[in-house]
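*Asks:* So the chains spell out like this:
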Amino acid sequence: MKIIRMIRLVFTFYQYFIWVSVFINLSCAFFLWKNGISAYSALFWFKIFTMGASLYLTNESRKEEYYYFFNHGISKKALWISTLTFDLLLFFVLMIFAYNLRSN
Amino acid sequence: MKHTLEISGCRLLFDERVILSDIYLKVETGNIVGLLGYNGSGKSCLMRGIFGTLAYEKSVSMDGISIYKAYQQPRRIRYLPQHHFIPKWLTLQRIFRDFSIDFSAFAQLFPELKDREKVRIDHLSSGMHRLVEIYVILKSETQFILLDEPFTHISPIQMNMIENIITSEVVNKGFLVTDHMYRRIQRICTQIYLLSDGKTVLVKENDDLRRLGYLPSE
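Top line first, the protein sequences correspond to chains A and B.
For the first sequence, my numbering assigns the number 104 to the last residue and increments by one with no breaks.
For the second sequence, my numbering assigns the number 1218 to the last residue and increments by one with no breaks.
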C-alpha cells in the first residue's frame, strides 16, 4: 500500500510537466523519423536542456507545493530523480520506436 | 507514551543579519506550544528548519535522538506551511486518500463540503482551500505538528472549529503553533515563546509581550 501511495504521489509530481514533456518527446521522435539517426545527438541534448528547464521552472513556480510531498516523507531529490529518469526512459523508447519505423 | 521534540543551537544569518541565534524549544505530546513574533522575525524559518526543509546550523532531536531531515519521517512530524501547499488539480477525495483520512467525518463537521468529494481543491474558495489543508494535517497520523499561521484566511466560526480539533488531537500529539492571533494562541497553548532578536523568550502574560515590544504599551 505504501509503495502504491508513493508511486501515486510521484506521478502527481510528474503531472507538473507531463504535457510539456510528452509534447517534446513526440516532437523529438517525429524529427528522428523525418531526419534519421544523424539528428539523434542534437535531439538528445535538446531533451536534456528541456528537462533542466522543467526543473528550474517548477522549482521557481511551485516552491510551496513541495510541502505536499514533504508531508508524505518524499524529498525533492527523490521526486526529481524518479520523474526525470522515467521521462528520459520514455524519450529513449520513443526514439527507438521512431528509428525502427524509419528503418522499416 | 510521551514523545519529545527539542530544538536548540540554531544559527541562521541572511546577509550578515542574524535571524536565529539563541533558540531553545521543547514540545511534548499532549502539549501545545505557541510561538509569537513580529513579521520577519524568523518563525517560518525556524519551523522549516525543524521540519528539515531549510538547511542551517541547528540541533533537532526526537525522544533524545538527533534528526536532520525530520520530514522524511511523516509518522513523527508534519508541517502546515503558511501558504497553500496542495497541488491545485487534486480532488478532495484524492487528498484525503493520500493522508489516509476519512472524508465523511470532515463532511459532518463542515456540511458545506458534503457531496463535494470529487471537486478539485482549486475550485474551492481560498478559505475552504485552507480549511482542507489544516484539517488533513491536523488529522493525519503523526506525533508532532508544526502549524504556521493556521488561523489566517479562515472565518471566526471555522477558527473555533479548528481550535477544537487541535485541542482534541493534542491527546496524542504535540503542537508548535505560530500565528498573529495571539489571544487565540494564549487560549490554547500550554506554553508561549516570543521570538525576538533571534532568541526565544518564554512569556507568561501580556506584560511580558509589552515589555518585549510585541504588543503596544497601554
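Any given hint might turn out to be false.
Said to hold, decoys possible - Which residues of chain B face chain A? A few of them, derived with a C-beta cut under 8 angstroms, are: (1) Q1072; (2) P1074; (3) Y1079; (4) P1081; (5) H1083; (6) I1086; (7) P1087; (8) T1091; (9) D1098.
What the hints assert, rightly or not - Here are the computed distance ranges between Cβ atoms for each label pair: (10) A:F92 <-> B:P1156: 48 to 58 angstroms; (11) A:F46 <-> B:F1110: 42 to 52 angstroms; (12) B:K1088 <-> A:W80: 36 to 46 angstroms; (13) A:K2 <-> B:S1217: 25 to 35 angstroms; (14) B:F1014 <-> A:K2: 46 to 56 angstroms; (15) A:S61 <-> B:T1152: 41 to 51 angstroms; (16) B:P1111 <-> A:W80: 39 to 49 angstroms.
I should point out that these hints are in silico values taken from the structure, not numbers from a laboratory.
C-beta: ideal position from N, C-alpha, C; glycine also.
*Asks:* Are the hints correct? Go through all of them and say.
*Replies:* Checked hints:
no., hint, verdict
1, Q1072, "holds (5 angstroms)"
2, P1074, "holds (4 angstroms)"
3, Y1079, "holds (7 angstroms)"
4, P1081, "holds (5 angstroms)"
5, H1083, "holds (4 angstroms)"
6, I1086, "holds (5 angstroms)"
7, P1087, "holds (5 angstroms)"
8, T1091, "violated (11 angstroms)"
9, D1098, "holds (7 angstroms)"
10, A:F92 <-> B:P1156: 48 to 58 angstroms, "holds (56 angstroms)"
11, A:F46 <-> B:F1110: 42 to 52 angstroms, "holds (49 angstroms)"
12, B:K1088 <-> A:W80: 36 to 46 angstroms, "violated (20 angstroms)"
13, A:K2 <-> B:S1217: 25 to 35 angstroms, "violated (54 angstroms)"
14, B:F1014 <-> A:K2: 46 to 56 angstroms, "violated (38 angstroms)"
15, A:S61 <-> B:T1152: 41 to 51 angstroms, "violated (22 angstroms)"
16, B:P1111 <-> A:W80: 39 to 49 angstroms, "holds (41 angstroms)"
This entry does not satisfy hints 8, 12, 13, 14, 15, going by the numbered hints stated previously.
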